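As given, the protein sequences belong to chains A and B, one line each in that order. Residues 1 to 113 (the numbering used here) make up the first sequence, in order. Residues 1 to 249 (the numbering used here) make up the second sequence, in order.
Keep in mind the hints are simulated off the structure, nothing from the lab. Since the structure is predicted, the reported quantities are computational estimates derived from the model, not experimental observations. Even for Gly, the Cβ is constructed at its ideal location relative to N, Cα and C. One should not assume that every hint holds.
[To be verified] If you anchor each label on the Cβ, the simulated ranges turn out as follows:
1) L27(A) to T125(B): 51 to 61 Å
2) V63(A) to D191(B): 31 to 41 Å
3) Q188(B) to F108(A): 44 to 54 Å
[Said to hold, decoys possible] Quick look at which bits of chain B chain A covers, simulated, 3 or more residues with Cβ under 8 Å:
4) 189 to 196
5) 199 to 205
6) 221 to 235
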Amino acid sequence: MARSNKPMVWSLFAAGGTVAAFVMPVLMLLTIMAGYGQLTDSLGYEGMKSFASGWMGKLFLLVVIVTCLWHAAHRARTALHGLGLRADKAVAVIGYGIASLGSLLAVFYLLRI
Amino acid sequence: MTQRTVELSILRYRPEEDDKPWFQTYQVPCDEDWVVLDAINYVKDHLDGSLSYRWSCHMAVCGSCSMMINGDPALSCKTFIRDLPEGPVRIEPLANFPIERDLVVVMDDFMEKLQRVKPYLIRSTEKPLEEGQHLQSPAELKKFKQYTLCINCACCYSACPQYALIPEFIGPAALTLAHRYNQDSRDQGRDEREDVVASNEGIWDCSFAGACSDVCPKHVDPASAVQQMKIASTVDWFMRRLGLGGGKS
Numbered sequence: 001m002a003r004s005n006k007p008m009v010w011s012l013f014a015a016g017g018t019v020a021a022f023v024m025p026v027l028m029l030l031t032i033m034a035g036y037g038q039l040t041d042s043l044g045y046e047g048m049k050s051f052a053s054g055w056m057g058k059l060f061l062l063v064v065i066v067t068c069l070w071h072a073a074h075r076a077r078t079a080l081h082g083l084g085l086r087a088d089k090a091v092a093v094i095g096y097g098i099a100s101l102g103s104l105l106a107v108f109y110l111l112r113i
Numbered sequence: 001m002t003q004r005t006v007e008l009s010i011l012r013y014r015p016e017e018d019d020k021p022w023f024q025t026y027q028v029p030c031d032e033d034w035v036v037l038d039a040i041n042y043v044k045d046h047l048d049g050s051l052s053y054r055w056s057c058h059m060a061v062c063g064s065c066s067m068m069i070n071g072d073p074a075l076s077c078k079t080f081i082r083d084l085p086e087g088p089v090r091i092e093p094l095a096n097f098p099i100e101r102d103l104v105v106v107m108d109d110f111m112e113k114l115q116r117v118k119p120y121l122i123r124s125t126e127k128p129l130e131e132g133q134h135l136q137s138p139a140e141l142k143k144f145k146q147y148t149l150c151i152n153c154a155c156c157y158s159a160c161p162q163y164a165l166i167p168e169f170i171g172p173a174a175l176t177l178a179h180r181y182n183q184d185s186r187d188q189g190r191d192e193r194e195d196v197v198a199s200n201e202g203i204w205d206c207s208f209a210g211a212c213s214d215v216c217p218k219h220v221d222p223a224s225a226v227q228q229m230k231i232a233s234t235v236d237w238f239m240r241r242l243g244l245g246g247g248k249s
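Isolated chain B (complex conformation):
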């Protein structure tokens, strides 16, 4: 197997000894089939055990290893080194999040926003067990299945120009998850979620730059979910003004 030495330029920040983040370079002998995460693991195992970063599954399922690679948010386990341009590879923690240590960021804001959109099935009346399952047709499933594929890697928050400007913005992944449950035929909780979704900090802070969908490693297309919710919330708004329902204001 062909091997080439690649220079990794990794942002380091250890709060107890560094005043501000700085770049450290490592020369890594990379196999042709290596992804960026393999190269970082090589650094940790052979060159510098003090490097901190998150990873788990190494197969684009867990969403832990997202980071900035040459300035773009991506899963390091899904980015092949051979696909990157020649020269040093710049690796930084996810943009728009505070750095906890080296490549590890503080995700508290994202986690809190995920909870606020109530991303679970809400029923106004529970169906008795003896009545059996909630059946769902393939067409009903298709309406939201794409939006279930999110792995909470937060690449979309890192790419979103609006989240960078407005920290209160609920943001792409959380809004998409709200839409996922709104579109589920078993769910009855849309009106509750609209309190957050249809507020100024919800869908209306999105300027439809579409960067979230560009960088999403699972092709969830959060921008489409947000635009669909804008249309639905706009219909609600006019219905309320006309006294034809549309939820509370």
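Isolated chain A, as found in the complex:
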């Protein structure tokens, strides 16, 4: 039997799961706090903009966005199959397509900062 090519998407899914579990809750909390003006200046708009201007900041944001997008796409594919949707190919194309588009947009916008 041929060996599967699923490791390609599974590795992004696994990385995204780890990132989503550890980093996303913190980022969500910070975002909510920012909305209520409860952040120190270093985490405010100017502070975050300067963070995203540096290469390390760009790389961090890219890894978080891209891996979480691919995690969500693969999780949705598995969940929809589990829920009884028998159109795995279409779900995969649409889900991974959105993740690819989101990844490209993330690169595009991060490079503009």
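Fit chain B to the given chain A structure using the hints.
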């Protein structure tokens, strides 16, 4: 000893006379220390000799008496009646397997999959007898010992939502046994097993629901074995793409 009468609702199917499975109820006077298998044995001995089911050791070693008890796969010899909620106890054959007769299921698919993962030590070169034994350190043993505890009761196949959806899926117990030999320091057969393990029907049909580990009566934790193999097979995949080995594609 306190005794209480428990109603057993048992799924019956005798292919020569029943069109489809149906439930038959029995009133069983149960002792406090009885397991579900004791109650079923009481039915067979005193109430209805026509009931068919599998059992052997009565001590959670042989793996024969697995069945659905109140909807969950379990060994009937390890499930105490006093631990079940009041009311009738629903007993059915293992889910996800065809029924052969009453509580007996057809295990052929599972047996065939067990063989396909080559669950035995494979050596590329046999060590000559005069060189002595293959020594193994406690640390090397610890890597796979947990996975040797499987008794092939198939409760994990019954609980697995993916096996229910995809009959071709190799499934938890067989994959775990493959991992058991892959992790054995005496074994050299991982690349052969990967043909089955790393295929779409192998580890990649697992969605990590973890139901196999929840129901395993021997605490083998098949889900952990499958996840460890996913990581190892993913490393292989990237190594192959980079031309650094990782077995054949």
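Going down the list of hints, with the structure as the test:
Evaluation of the 51 to 61 Å hint for L27(A) and T125(B) yields a pass: the beta carbon distance comes to about 53 Å. One distance hint, 31 to 41 Å for the beta-carbon pair V63(A) and D191(B), holds here, with the actual separation near 32 Å. Between Q188(B) and F108(A), the C-beta spacing of about 49 Å keeps the proposed range 44 to 54 Å intact. For the stretch 189 to 196 of chain B, the proposed coverage by chain A is satisfied: 3 residues have a C-beta within less than 8 Å of a C-beta in that chain, meeting the threshold of three.
Against chain A, the stretch 199 to 205 of chain B contributes 5 residues with a C-beta closer than 8 Å to a partner C-beta. That satisfies the three-residue criterion, and the hint holds. As drawn, the stretch 221 to 235 of chain B meets chain A at 4 residues by the rule of a beta-carbon pair under 8 Å; at three or more, the given contact holds.
The structure meets every hint from the earlier list without exception.
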